[in-house]
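J.: The listed protein sequences correspond, in order, to chains A and B.
Take 1 as the starting number for the first sequence in this note's numbering and just add one per residue.
Take 1001 as the starting number for the second sequence in this note's numbering and just add one per residue.
Since the hints were made in silico from the structure, they are not lab data.
All values derive from a computational prediction rather than experimental measurement.
Where hints are given, some of them may not hold.
[Claimed, not checked] Here are the computed lysine-lysine pairs in the DSSO-like style, where the Cα-Cα straight-line distance is at most 27 Å:
no.	chain 1	residue 1	chain 2	residue 2
1	A	71	B	1257
2	B	1320	B	1294
3	B	1320	B	1292
4	A	13	B	1018
5	A	54	B	1022
6	B	1257	B	1018
7	A	10	B	1101
8	A	10	A	191
9	B	1322	A	123
10	B	1018	A	10
11	B	1268	A	10
12	B	1257	B	1268
13	A	13	B	1319
14	A	54	B	1101
15	A	10	B	1319
16	B	1381	A	54
17	B	1022	A	10
18	B	1463	A	13
19	A	54	B	1268
20	A	145	B	1101
21	B	1293	A	13
22	B	1022	A	120
23	A	114	A	145
24	A	71	B	1381
25	B	1081	A	54
26	A	191	A	202
27	B	1319	B	1292
28	B	1081	A	10
29	B	1268	B	1171
30	B	1171	A	123
31	B	1268	A	71
32	B	1018	A	123
33	B	1320	A	10
34	B	1381	A	10
35	A	130	B	1268
36	A	202	B	1292
37	A	130	B	1018
Here are the chains, one letter per residue:
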Amino acid sequence: MLEVANLSKKYGKTLAVDDVGFTVPDGRVGILLGPNGAGKSTVIKSIAGLLRYKGSIRIQGIDSRETEAKKCFAYVPEIPNMYEALTVREHIEFITRAYGVEVSEEEIGQLFEKFELDDKQDKLGNELSKGMMQKVSICCALIIKPRVILLDEPMVGLDPAAIKELKAVILELRDSGCTVLISTHMLEMVKELWDVTFVMDKGHILGTYVKEDLANEDLEELFFKVTGQAEKNERGEHSQEIIPDHSENADGKEDGR
Amino acid sequence: MGAVGYLYRRTMTNWIKKSLHKPVTYFYIVFFLIYLSAVPFSLRVMAEQFGINSPDGMVLVLTFLAFWVIPGNLVAYAKRKGLVYRNSDVHFLFPSPVSPKRVLLYAHIRTLFMQVLLNLFAAACGIIIFRVPTWRLVLYVLFSLVVENVTEGCIMLLLYGSERLGENQRKWIVRAAYGLIGVLVIIGVYYYLTQGLSTAALGNFLNSDAVKMVPIVGWYISVIHLLFGGASTMNIVGALLYICLLAAVVFGAARMKCTGAFYEDAAKFAEDYEEVLENQRQGGARMRIGKKKKFGRASVNWKGTGARALFYRQLLEYKKSKFFIFDVSTLFSLGAGIVIPWLYVREGGFGYVEPYIIPAVSAYLTFIFTTLNGKWAKELKSPYTYLIPDSAFAKLLNATGIQLIQCLINGVLITVPGAIVMGMSPVTAVLCVAACAVLGSNKLYALAVAEIAVGGILGTVGKQLFQMFIQGFVIMGAVLGAVLGFMAGGVMLAYCIMDVILILLTLAFMVIAALNFYKMETA
């Protein structure tokens, strides 16, 4: 379980996150939604222990700053940053030592096979493409068999096969009782994954939505409604929508819009 | 050290293995071995001239270093700076259950390799320059690597990692560290007032008992005196105080509470550090870590299409910059332009090199600012430069246009004051300005040639060395032309031939650059 209570964070005089609180129970997938600058990154970095903050963050009931909490917590940041001089295999070795977990060769092999990394094990961190780095980052998070996992834009840079695999892994984790929190803008990608959604804007949680309570409501429409961006769209403030489309259809006729 | 030890070992091993696979590594090793071997011998001459070629001289040098290094480190640690973490550490190490104290020690241990090298260099200097007995040097190296390292490591843990220290307390520690420098300066002023300005007075100041009693810095200096000069009451008292300091900081660091509150500052530092590294890789001016470049508001009247867009975009960026198109090379050109006539007046002339002193200094400045390639280096790396629908030559000219103007201004600044004071003829002065401007321009195209020739084989430093090599070739050609011209018809002809050679070689570099400017891919 992941519990965030009264979380506030200031950068100088700017209040980035103000008294935020939410809970993601065991075996549930939470989605953190919000437009750019909403404060999602601050919340995520605070949970990952990278920021000083006011309030309380508990992982499986333990203060997130405690070693015991960190042992069962995995984090996949938005931008993967590899150790340039460590191979893919050595990243895994380092992580298992850091978290003190026993992992069999078979388990590592299976994980690499899932994310098509088996032939990349001896590649150094600076020899990998961005997508490969993201796969290694995900593998490093999964290898510790976390009880709580935090994924920040995990689909970015992944190929379709890896996205499919990651979705399956997230559902597996959820089914095994793991708490999953995903921060993303790619609503389409998490449509079939989410159980609870937290919509954030301007440093506050604007709403918490449980899937079962929302019958057939679309996540995207909900997001626009809550953040007020739907009104902006209607007023034509979204530049993408007012660009005239002069493209031609496959049959050579001009688009009728 | 568990995971952290593994990380350090594997990183070092892989780095060494990878380096040994590159032929250029062996070139660097030979280059640095020759350089490092030559330095102590050349410094020996200087030490003999100043009369410090004895163990006391080494004590003086180490004392002087301690004055700056120790307070500097205290300030850096109290400000939660000075420990180098990378973004990979922020990603993997900081969120992990590795104890934050170990994470701090990991950053400290990473400097160990460099410390060993520096100590070996200091030992070599001790033998060659200061004639220190070997056993004393062995003791010094052991002290430096073990005792000094542990003391500094624990001070770092206490200042950087402690969560009991608030913002205000950190500010007071910074002030106290500056206070240490202040006390040392006051003692220095006292010695200056009582003994005057001389090498002996400086020696008396650095060896004084008052300096040895300054907390931390002075206690360290006492240990150095004890190791190199032997026992005296003050040396022993200072060394005992240093041992007490060691015990106190070890005890404090072991008991200190640290849950990783420093990660926020360390992550910010890592981000800024990576930005500086990236900027250096792009050939930009040296940035200070954490200091963002500020831009003002400006506008330009865009004219023309195609490659002209490059010129106006650069102009807009320069207009937004604090110093417009000028940088450190302009400052140095101005400085050289003032110093050359001043030296001319003071020394009563420069002898037979007098007519060529300005281009010689200009060539030297071009050489030392090889790595400073401004916007041009960034254009070479930008895909937009190659995508713009225009000829390669037009792009080359527009992308370097403003920097060519800067080279001309630098040439004027370095030449005009000296030309007036030394009584150069107007034509020679113009030829001299042209030589300096073309030398600067040559550097720009030499960068493109280096990129084309070795960009795919060598790293940044290798490319810069190659660029220096071809620039050196151009300068040698110009010198040869000047010598032949002088022998055939005097100074004017020497300048003419020098300018012609410089212009022809620069044009050749331009053509090579333009021919390869249609694609980003290099050799």
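J.: With reference to the structure, classify each hint as holding or not holding.
T.: Okay, the hints, checked on the actual structure:
no.	hint	result
1	A/71 to B/1257	holds (19 Å)
2	B/1320 to B/1294	holds (8 Å)
3	B/1320 to B/1292	holds (14 Å)
4	A/13 to B/1018	violated (46 Å)
5	A/54 to B/1022	violated (50 Å)
6	B/1257 to B/1018	violated (39 Å)
7	A/10 to B/1101	holds (25 Å)
8	A/10 to A/191	violated (32 Å)
9	B/1322 to A/123	violated (44 Å)
10	B/1018 to A/10	violated (43 Å)
11	B/1268 to A/10	holds (15 Å)
12	B/1257 to B/1268	holds (22 Å)
13	A/13 to B/1319	violated (31 Å)
14	A/54 to B/1101	holds (22 Å)
15	A/10 to B/1319	violated (34 Å)
16	B/1381 to A/54	violated (43 Å)
17	B/1022 to A/10	violated (47 Å)
18	B/1463 to A/13	violated (45 Å)
19	A/54 to B/1268	holds (19 Å)
20	A/145 to B/1101	holds (25 Å)
21	B/1293 to A/13	holds (21 Å)
22	B/1022 to A/120	holds (21 Å)
23	A/114 to A/145	holds (15 Å)
24	A/71 to B/1381	violated (42 Å)
25	B/1081 to A/54	holds (23 Å)
26	A/191 to A/202	holds (24 Å)
27	B/1319 to B/1292	holds (17 Å)
28	B/1081 to A/10	holds (20 Å)
29	B/1268 to B/1171	holds (19 Å)
30	B/1171 to A/123	violated (45 Å)
31	B/1268 to A/71	holds (24 Å)
32	B/1018 to A/123	holds (12 Å)
33	B/1320 to A/10	violated (30 Å)
34	B/1381 to A/10	violated (37 Å)
35	A/130 to B/1268	holds (22 Å)
36	A/202 to B/1292	holds (25 Å)
37	A/130 to B/1018	holds (21 Å)
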